[in-house]
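> Residues per chain, in single letters:
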Amino acid sequence: MPMNQEQLRELEALCVQEEAPFCVAACPLHLDVRGFMKCCAAGKWHEARKILDRGLPFPEIISRFCDAPCRPACKRGGPLGGALNIGLLERFCLSQTKSAWKAPKLPARKGKIAILGGGLSAMVAAVELSRKGFSTCLFTARPSLGGRLLDAEPPPLAALEQAAATLVGYGLEIVAGQPLELAVFTEESPAFDAFYLDLEEFAEAAPTCGFGEPVALTLALSRPGWFAGGQAKDRRFPVIQQAEDGRRAAVSIERVLQNASLTAERAKEGGYRSRLYTDISHIQPSGPIIPANPDRYTAEEAQAEAQRCLQCQCLECVKECVFLRQFKEYPKTMARKIFNTETIVQGTRSANKMINSCSLCGQCATICPNRFPLAETCLAMRQEMVRNGHMPPSAHEFALDDMAFSHSDACRLARHQPGKTTSRFLFYPGCQLAGSSPWQTQAVYQFLGEKLTGGVGLMLDCCGAPARWAGQAELFQQSLKRLAAEIRALGAPELICACATCGKLFREFLPETKVTSLWQTLDELPETPLPPLQSSGLSRTFALHDPCAARHQPEMRGAVRSLCAKLGLTLEEHDCSGERADCCGYGGLMSCANPPLAEQAAAVKRRRQGDKSTHIVYCAMCRDSLAAHGPTGHLLEYLFPQNTDDPAARPNPGYSARHENRARLKTRLLRELWREDRPEETTMVLFVSEEIRAQLEARHILEEDVRRVLADAEGKNRYLKNEAGHRLAGLRLRRVTYWVEYQPEGQGFRIHNAYSHRMILPEEQQ
Amino acid sequence: MTDACNAQEKAMFAATASLCPICLRRIDAFYQERRGNLFLVKNCPEHGSFRAPVWRAGSRRQWSMANWLHRAGYQKPPKQDARADDCPFACGLCQEHQQRTCTALIEVTKRCDLACPVCYADACLPRQAGPEQADEPSLARIAFLYDRIIAAGRGNIQLSGGEPTMRRDLAEIIALGRDKGFSFIQLNSNGLRLAADPAYGRELRRAGLSSVFLQFDGVSAATHLALRGRDLRRVKKRAIEHCAEAGLGVVLTATLVPGVNTCEIGDIIRYAAALVPTVRGVHFQPRSLFGRYPADDRRRLTLPELLAFIEAQTPIAAEHLKPPGCEHPLCSFHGGFIIDNNGLPQPFPEHESMNAPCRCDAATATPLVNTIIDVRAARDRSVATTARLWSPINTAAAQQPDDFDRILALKNRQLSISAMAFQDVWNLDLERLRRCCIHVAAPDGRLIPFCAWNLTAQDGRPLYRGASAGRPI
Amino acid sequence: MSGFSFIAEKGWRCAACDLALEPRPVQINYLHSVFTVELLTCPGCGFALVPEELATGKMLEVEQLLEDK
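Protein chains in written order, with my numbering: chain A, 1 to 766; chain B, 1 to 473; chain C, 1 to 69.
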């Protein structure tokens with residue numbers, strides 16, 4: 001496994017979605033305030049009452065006297081309008097409902113407990129312990145329960161009577177109205193196993209027993225089995241704090257009687273600061289509802305006040321990421337699922353598709369307050385799957401084959417500038433730019449050759465990103481080694497990368513190599529070709545999309561914007577650009593492993609900026625992915641226009657064209673720049689309708705492979721025929737069998753249909 | 001093969017150790033075979049000789065102990081050192097234990113809403129509970145036990161009791177386990193509460209429960225009355241329905257008592273087959289003699305006899321029920337099956353060379369589909385019946401299913417059939433105990449092998465369960 | 001025992017042998033698993049046709065099932 005359970009727990013802890021809301025954490029009793037507000041906002045008072053009954057001992061008392069330590073933690077506070085008025089809402093809810101839920105009494109257990117005192121902390125300790133089945137007896141010198149509550153104006157007599165009845169119902173024995181001698185309880189063979197001392201009643205007596213001060217975490221006194229709380233000398237002791245003490249003491253006593261640890265895992269008792277993160281930057285302020293009667297809400301007022309609740313949670317990354325939304329996970333749960341994928345459930349691994357669907361773009365980590373490394377987690381699991389032989393072959397094969405093609409002699413080139421024997425620079429356009437915009441690739445190279453001194457070499461190659469994204473660590477290493485050797489062989493020039501992904505990879509994995517981006521190089525030149533924008537009629541404002549790979553390359557992003565300004569382009573920036581850029585769907589091989597999700601990703605990325613303006617990108621794959629959803633142009637097409645056509649109107653050339661363009665580019669460059677001729681095969685002529693072209697694209701079938709099938713079939717006369725004159729042939733290439741239905745037409749063949757499968761037929765099993 | 005068998009036989013017949021049923025003192029023991037039946041024989045210097053049947057294959061040579069051990073690839077573990085004399089009194093687990101924890105059991109309550117005579121957990125009705133018997137681990141205690149299990153290397157979790165659904169916080173217990181990273185949490189239950197409350201199953205599922213081991217002793221009223229005191233047939237049916245709605249898998253767990261429900265073994269399997277995929281398996285447990293039952297050989301059911309019943313009452317050939325790779329071969333068997341359209345279990349084709357070291361997923365009823373599947377071979381094995389058994393999948397085109405259809409149908413048609421022979425103080429073999437992979441997490445955090453945990457002397461005195469660990473007197 | 005409807009298969013004949021195709025059992029394998037399905041095959045040279053409906057349907061489903069094991 002890439003990590004053990006401990007590391008998984010630490011990783012999971014970075015995601016705060018499951019942390020308590022701020023109010024709940026701050027509440028000494030951890031009342032589910034968020035849930036309460038949700039019910040009140042909907043007018044569901046009975047449901048709201050259930051929450052109060054479940055969360056608070058004696059809700060009528062507490063709601064009246066609690067000074068709401070949750071309010072300072074409320075995110076609605078301050079500039080957003082003011083913290084929710086929890087007290088008024090609780091009291092409204094109580095006024096509208098009867099008790100909705102009663103904790104059941106549990107069966108009797110071993111242990112006799114004495115509670116000394118009758119204040120609220122004693123009452124809370126008593127209710128918790130007697131309900132859990134402990135034989136509990138409460139002693140107070142006062143005639144009835146309540147302690148200093150009885151001094152309130154007016155005293156909550158009805159609530160106290162109700163409380164007493166509840167306590168008796170749970171089996172509490174109450175001995176009231178008789179003077180108490182602590183000494184009776186401190187003698188050597190006590191009738192009780194544990195004691196709680198209510199310091200409100202025993203403020204004077206406690207020090208004389210010599211038991212010391214209660215420990216804050218456990219309320220334990222120095223004598224074993226003794227606990228105390230409910231009041232502190234010389235400082236204001238809120239009622240809610242008394243309730244917290246009562247509960248804390250009850251937990252301590254229960255643990256002591258069970259011989260369990262007194263201190264383990266108690267950090268979240270009492271109020272604490274939640275680790276949750278909630279983005280409030282776009283919340284509109286909304287002032288508190290002022291009730292007509294200052295003492296109580298009407299139903300409408302209460303509901304309106306509760307509707308101001310933000311229902312705090314995190315999910316910030318999920319809000320932006322199509323991948324997380326598709327699989328309905330947030331990083332904590334997703335990490336667990338990823339980690340458990342090696343566990344076989346009913347015979348299959350459960351999370352392969354999910355793990356292979358992440359674009360690895362890191363947007364989530366940028367948004368996350370704790371930088372949850374979800375991309376790294378997915379990538380690590382992919383590497384593990386490859387190591388264990390569990391990576392489904394069909395997930396990434398098409399992209400890896402494409403990379404192999406880029407690495408083959410058909411496409412690869414590494415040369416010094418024509419007429420030069422050294423290179424100070426090496427232009428590295430990247431495989432996808434060469435495939436998508438071969439004309440611009442050549443134009444840029446020639447431009448750089450003119451403007452830079454010292455020799456500008458050219459390397460046509462693939463940086464190996466597909467191997468890295470596919471989890472093929474070994475393959476990636478091999479590719480890097482070869483690249484590094486070739487770069488050294490050219491004299492270790494400085495790389496000028498047109499592609500943000502290539503640049504990012506080289507910086508990370510070839511640290512000895514100097515790498516800069518094409519954009520910075522162009523921006524630093526004294527002049528750039530500036531086509532006459534006005535004359536070509538292009539005077540709209542433009543939206544600029546950063547590629548996800550440029551997330552941590554601010555200089556590159558800045559250079560691009562500077563170039564655009566020089567071009568006279570007015571850019572509209574938007575929320576998810578720069579560090580927060582989306583992936584277009586190509587990253588992480590998402591478009592290979594999960595094409596429908598990649599479609600969604602492209603649509604979302606482009607939609608960030610609406611449809612009013614033309615969109616510019618500076619990554620070839622962003623261009624081709626976004627082009628399906630609206631006019632999108634590559635910046636180089638504006639800097640080096642091939643003609644007067646609108647660059648943004650050009651559609652996605654598609655896999656087949658990108659495939660062929662790479663090989664043709666090498667041939668053309670060799671011929672035009674280095675004056676070397678490569679024998680060009682006469683390419684079989686294919687007639688492909690738009691509909692079929694789209695089908696080939698969707699099915700990941702290259703026209704090159706179609707040609708191979710036909711060449712083999714026609715050469716060996718090995719095909720089927722039907723009365724309509726169609727032919728049907730199949731051929732296994734690499735690890736896929738392609739079937740093509742076609743018909744001779746003119747100089748070539750018309751393609752009627754094509755499909756593929758991976759299963760192997762008998763004659764192919766050599 | 002004969003030589004190998006002989007070697008294994010000799011190994012098996014070498015001395016082992018057991019406990020005296022009266023005083024629980026550790027004593028030597030050995031196996032004896034008479035007319036194909038294997039007995040464990042032992043002698044206590046104070047209380048005399050004892051003999052218990054362990055493996056009654058009789059004249060069915062194909063299930064002889066030697067053949068079984070051979071199929072299991074059994075090898076006798078190396079000689080123990082002197083510290084092994086502590087076994088089984090120093091469980092926790094001690095260093096001599098030979099198997100990791102595949103399944104960890106947590107008893108979350110002693111309360112139960114049935115009062116079954118066959119109960120090994122000595123559970124009791126709430127109203128009869130004295131204070132000391134109603135001790136329940138708090139959530140904090142259970143968290144501690146989860147942590148102990150994690151420290152021991154994790155495993156599947158089984159929540160047990162008593163009847164765990166008596167705890168109101170069962171969902172929290174499950175959620176806690178899930179939060180601690182346990183991916184498989186199972187519940188042992190009589191199903192009463194699952195049957196009574198349709199939302200209950202959903203609540204448990206949401207909390208992270210994976211499946212339910214449902215007590216299910218038979219299909220006749222008489223069986224239920226004899227073993228559980230009530231006719232529970234409708235309750236069990238409803239419990240299974242609610243589990244189906246909640247997405248919980250169910251394993252029917254039947255306690256077999258000779259003369260009571262051994263005639264219903266086939267019926268139980270057919271009942272389960274009809275309810276696939278909600279029901280994922282049938283797990284048989286021949287009744288063990290814990291507690292206050294006198295030793296009575298006739299009331300014992302050993303695994304080969306169970307194999308015979310299965311063969312007699314169903315079309316299943318016992319050759320498809322295999323020894324375990326994880327625990328000791330004498331402790332269990334399992335087999336994976338696909339239910340055909342007549343509701344009959346067909347053996348799951350597995351490549352013979354696949355030999356997974358640990359098959360504990362069989363006990364948890366998630367049959368492993370090995371990576372080598374020879375569906376064609378399976379078809380060859382039952383050529384004559386194949387054409388009749390499978391009805392058309394796509395009636396619109398009157399198509400007959402082919403191998404693709406069959407493997408696609410596998411996903412929802414699997415049923416595992418397994419059995420586990422728990423040991424009691426009469427047939428206890430410490431070597432089997434040392435290989436046990438089902439461990440109970442005692443309240444103090446020690447991990448105790450299941451049979452040691454439930455073991456009692458003849459007078460009911462427990463070895464581990466409860467306050468006193470029964471050291472020999 | 002056929003795995004698909006023959007009718008959709010537009011009357012294909014083997015061009016080399018000029019024979020009509022007939023359903024025959026064919027062994028197909030993927031990832032160590034072997035399946036026997038009936039495919040239209042040329043009785044002369046053994047050329048077996050995998051029709052589109054099968055390739056993009058059940059066959060794809062089984063491929064993915066096996067890849068996930």
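Since the hints were made in silico from the structure, they are not lab data.
All of these numbers come straight from a predicted model, not from anything done at the bench.
Hints are supplied without guarantee of correctness; some may be wrong.
[Stated by the list, open to error] Label pairs and their computed distance ranges (CB to CB):
#: 1; chain 1: C; residue 1: Glu61; chain 2: B; residue 2: Lys180; range: 30 to 40 Å
#: 2; chain 1: B; residue 1: Gly460; chain 2: A; residue 2: Gln162; range: 26 to 36 Å
#: 3; chain 1: A; residue 1: Arg371; chain 2: B; residue 2: Gly460; range: 57 to 67 Å
[To be verified] Mimicking DSS-like on lysine-lysine, the simulated pairs with C-alpha atoms at most 25 Å apart in a straight line are:
#: 4; chain 1: A; residue 1: Lys38; chain 2: A; residue 2: Lys319
#: 5; chain 1: A; residue 1: Lys328; chain 2: A; residue 2: Lys268
#: 6; chain 1: A; residue 1: Lys75; chain 2: A; residue 2: Lys233
#: 7; chain 1: A; residue 1: Lys328; chain 2: B; residue 2: Lys237
#: 8; chain 1: B; residue 1: Lys180; chain 2: A; residue 2: Lys268
#: 9; chain 1: A; residue 1: Lys337; chain 2: B; residue 2: Lys180
#: 10; chain 1: A; residue 1: Lys481; chain 2: A; residue 2: Lys319
#: 11; chain 1: A; residue 1: Lys102; chain 2: A; residue 2: Lys50
#: 12; chain 1: A; residue 1: Lys102; chain 2: A; residue 2: Lys112
#: 13; chain 1: A; residue 1: Lys268; chain 2: A; residue 2: Lys319
#: 14; chain 1: C; residue 1: Lys58; chain 2: A; residue 2: Lys353
#: 15; chain 1: A; residue 1: Lys420; chain 2: A; residue 2: Lys451
[As the list claims (entries may be wrong)] Where chain C lies over chain A, by a calculated footprint (3+ residues, C-beta under 8 Å):
#: 16; segment: 717 to 729
#: 17; segment: 756 to 763
Note that the Cβ used here is the ideal one computed from N, Cα and C, for glycine as well.
> Work down the list of hints and note, for each, if the structure agrees.
We went through each hint and held it up to the structure:
1. C:Glu61 / B:Lys180: 30 to 40 Å: At 36 Å between Cβs, range holds.
2. B:Gly460 / A:Gln162: 26 to 36 Å: violated (48 Å)
3. A:Arg371 / B:Gly460: 57 to 67 Å: holds (59 Å)
4. A:Lys38 / A:Lys319: holds (21 Å)
5. A:Lys328 / A:Lys268: Violated. A:Lys328 to A:Lys268 sits at ~29 Å, over the 25 Å cutoff.
6. A:Lys75 / A:Lys233: violated (33 Å)
7. A:Lys328 / B:Lys237: violated (33 Å)
8. B:Lys180 / A:Lys268: holds (17 Å)
9. A:Lys337 / B:Lys180: Roughly 13 Å separates the two Cα atoms, so the pair holds.
10. A:Lys481 / A:Lys319: violated (40 Å)
11. A:Lys102 / A:Lys50: holds (9 Å)
12. A:Lys102 / A:Lys112: holds (23 Å)
13. A:Lys268 / A:Lys319: violated (29 Å)
14. C:Lys58 / A:Lys353: holds (19 Å)
15. A:Lys420 / A:Lys451: holds (15 Å)
16. 717 to 729: n = 11 at 8 Å, threshold three: holds.
17. 756 to 763: holds (count 8)
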